[in-house]
Amino acid sequence: MAAIPEQDAHAPAKLLATGTGTAGGLGAPRRRPGGRGAGRRAGPAAARRRDAPVAWLFILPALVGFLVFVAYPTLRGVYLSFTDFHVLTPPKWVGLANFRELVSDGTFWHSLGVTAYFVLLSVVFGILVSLVTAVILHRLTRSTVIRGLILLPFLISGVVAALVWAWMLDPQLGIVNIVIYQLTGHRILFLGAGGWAIPSIAMISIWKSMGYNAVLIFAGLQTIPEQVYEAGRLDGASETQMFRRLTVPLLRPILVMVVVLQMISSFQVFDLVQVTTQGGPANASNVLQMYIYRKAFGELDFGYAATMSLALFVMLMAITFLQLRIARANESDLS
Amino acid sequence: MPVTTARTVRRTRWSVGRLAAWVYIAAIIVLTIFPFYWILRTALSNNHALPTDPSSPLPVGFTLGAFKRALGIASPAEAVTQGGSGASLDTALYLRNSVIYASLLTVCVVFCSALAAYAFARLRWKGRNVVFAVLLSALMVPGIFLLLPNFVLVKNLGLTNTFAGMILPGAFFSAFNIFFLRQFMLGLSTEVEEAALIDGAGPVRVFFRIILPMTAAPIATLSLLTFITTWNDYLWPLLVTNDDSVRPLTLALAVFRQSSPQTAPDWAGLMAATLIAALPMLLLFIVFGRRLVNSISFTGIK
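Residue numbers (this note's numbering), protein chains in the order written: chain A, 1 to 335; chain B, 1001 to 1302.
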């Protein structure tokens, strides 16, 4: 669903991390023996017979929404990637022409490289800072207020985050550059220099998502029983040893999830780039989604834009499946 | 005594470590909060005066002029003397649009998700698991892949630049919401429900009278999360709107930034508008912060 990409971007890995989530989770212990549905089977037969029509009525809105705005657009998106389509005239089937163009399109590969660089920076440094923050917070305090405070940037829109940082990083009047100038006598064109654009945007992205990731990791830390650490202490392990030998391995499933969520949302970065650099200078921050947007709405080349979207889709699928495998492989760590 | 010494040494080392840890946390909090303060400080400044003391921690030439410009209630002469550009930002209109867009979508999608979740969690019908699996497969499709085809669809329906066009694609179905609520409903005790069924209440009545009230907490959480993501959404409104009549605030802010001059833009006005755009989220945060932290923690463990 287009309207709430953030949730959608995050949802798949979350569910896959729990094994497509068929387990009762929450309330499973409260259910009586005999498994799910046993309670209903004991219910009046008449009520049960009436269930089917009501059930279909209840899922009808969701089903229609799914068919019209997810299933059909997915198929259409795949179809459009094999066509020459400029919105005003009907799509024309061109076979693999768009894919051939994709392979030889230098700008596409450049965008892919820029996106990969952005993903690398925001995932590596973002997760590192989040992990350190979560672990330290977990050792110091359970305060919801502090966790709430660091979550704050996650709640504001990317546009707001991008605007305030564009202002603070401004070469002449930005507070960051003024401090840097006083310390070093130089100014840095954070968003105006080719080499700085992507690292700067990655920094803004990390600022925005750090709290969210830290809260997720914190929740993971709370699931590790205290006895594990007590045993470690009895064996004379130091803080660093316990972190490396106990915390990290036991946290691996949730770390994998956080990394994948961050990767998926970083791959789709758009608003931060659009507001700060618009892909510049000289395509230095022309991430894939920016390029797709320009092709589609700048040049009205929807067919080719759909092809690139499909490529992005396939890459995100690959990441999700990779995560599924890793998460499964580590499921038994705590049990 | 050696034992005491050892304990003291250990405690001091610990306190140094703890001190460093607290310093780190304090630094993180400052880094997190500072930009918000800087928005406020700049928004209360006179844009013409900003370059005279760019590092001042307090507003430079304190004035509410920037807020007046952002709300479109400053006279042109006043705006120009304070360094505003000619471009105006009809914040009140965008604010209205954002409220309509985010609340309608939230109410629709959460209600539809609750209906579906109930059917999947509590009703017994043929094909239940198959339909559930098919709907969940939507999670595999990234939102971004659906943007172009959904735009073409909305355009063909003649709904570009309308609230309907903005809201419809997200109004009926959210795999994440259905999954989340179903998960919760599976855990509810069946006893009250069975008693009601024996008393002759139908599933519709059970849903509205028993299940909905019992699911109020997760429904509130989901509504909050949906509202925030919709309010902050940028790309979809960017695609389907093309003028002020339906454009939400987040998008208008970005458009305003792009239309303001690249050299010496009206930073004070921009920051005032930014603050107004972020304010509803900040209020939600103050009221529901604890719930948000807990719900995000919960989704992480699931």
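Think of the hints as simulated: they come from the structure by calculation, not from any bench.
Where is the CB? At the ideal position from N, CA and C, for every residue including glycine.
Treat the hints with care, as some may be off.
Said to hold, decoys possible - Distance ranges between label pairs, derived from CB positions:
| hint | chain 1 | residue 1 | chain 2 | residue 2 | range |
| --- | --- | --- | --- | --- | --- |
| 1 | B | A1027 | A | R142 | 19 to 29 Å |
| 2 | B | S1103 | A | V68 | 16 to 26 Å |
| 3 | B | I1033 | A | L128 | 14 to 24 Å |
| 4 | A | E101 | B | V1030 | 29 to 39 Å |
Now for the hints, and whether the structure bears them out:
Between B:A1027 and A:R142 the Cβ separation comes to about 20 Å, which falls inside the hinted range of 19 to 29 Å. With their beta carbons about 22 Å apart, B:S1103 and A:V68 fall inside the hinted range of 16 to 26 Å. Range check, B:I1033 to A:L128: about 21 Å between beta-carbon atoms, so the 14 to 24 Å window is met. Restraint check, A:E101 to B:V1030: a C-beta distance of roughly 49 Å breaks the suggested window 29 to 39 Å.
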